[in-house]
Amino acid sequence: MPNEQPSPHPLNERLEQSFRDADQAREELTESLANSVAANCDLLHHGLVGAKGLEVTTEMYRHLLARLLRHSSGEVRNQTLAQFNESIEKFWPRAKGSTSSFTAADDH
Numbered sequence: 013m014p015n016e017q018p019s020p021h022p023l024n025e026r027l028e029q030s031f032r033d034a035d036q037a038r039e040e041l042t043e044s045l046a047n048s049v050a051a052n053c054d055l056l057h058h059g060l061v062g063a064k065g066l067e068v069t070t071e072m073y074r075h076l077l078a079r080l081l082r083h084s085s086g087e088v089r090n091q092t093l094a095q096f097n098e099s100i101e102k103f104w105p106r107a108k109g110s111t112s113s114f115t116a117a118d119d120h
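Sequence positions in the sequence shown follow this note's numbering and run 13 to 120.
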């Protein structure tokens, strides 16, 4: 009698498919929420600039960033700094050959 592997139980297959479906739905929801937040941030920014002007809005962003970077939670500070660095890199990429960067370790 050959050594045969038992076929997977139909309930296990359904559970595994259910987990895969749940993971896919979670990823789609996360992406949808991120897109919604980004769109709302854009609307908020344009509303603030329209209502108060670019200079006042820039000062508000400066104040907000300073508060986030001084937050009592190290996780909040590190995430804020990481996102700030990503934004800097996107809008003001480093010149070729430059290796200096500001990291969370420099914040101490």
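Everything labelled a hint here was simulated from the structure, so no lab data went into it.
Each hint should be verified, as a subset may be incorrect.
[As the list claims (entries may be wrong)] Label-pair ranges, simulated between beta-carbon atoms:
(1) Arg-79 to Phe-31: 35 to 45 Å
(2) Gln-91 to His-57: 42 to 52 Å
(3) Ser-30 to Leu-60: 24 to 34 Å
(4) Arg-79 to Pro-105: 25 to 35 Å
(5) Leu-81 to Cys-53: 13 to 23 Å
(6) Asp-54 to Arg-106: 24 to 34 Å
(7) Asn-24 to Val-49: 46 to 56 Å
(8) Glu-98 to Asp-35: 20 to 30 Å
Note that this is a predicted model, so its numbers are computed, not measured.
Ideal placement from N, C-alpha and C gives every residue a C-beta, glycine not left out.
TODO: Sort out which numbered hints this structure fails and list those numbers smallest first.
DONE: Checked against the structure, the hints that fail are numbers 2, 3 and 7, while the rest are satisfied.
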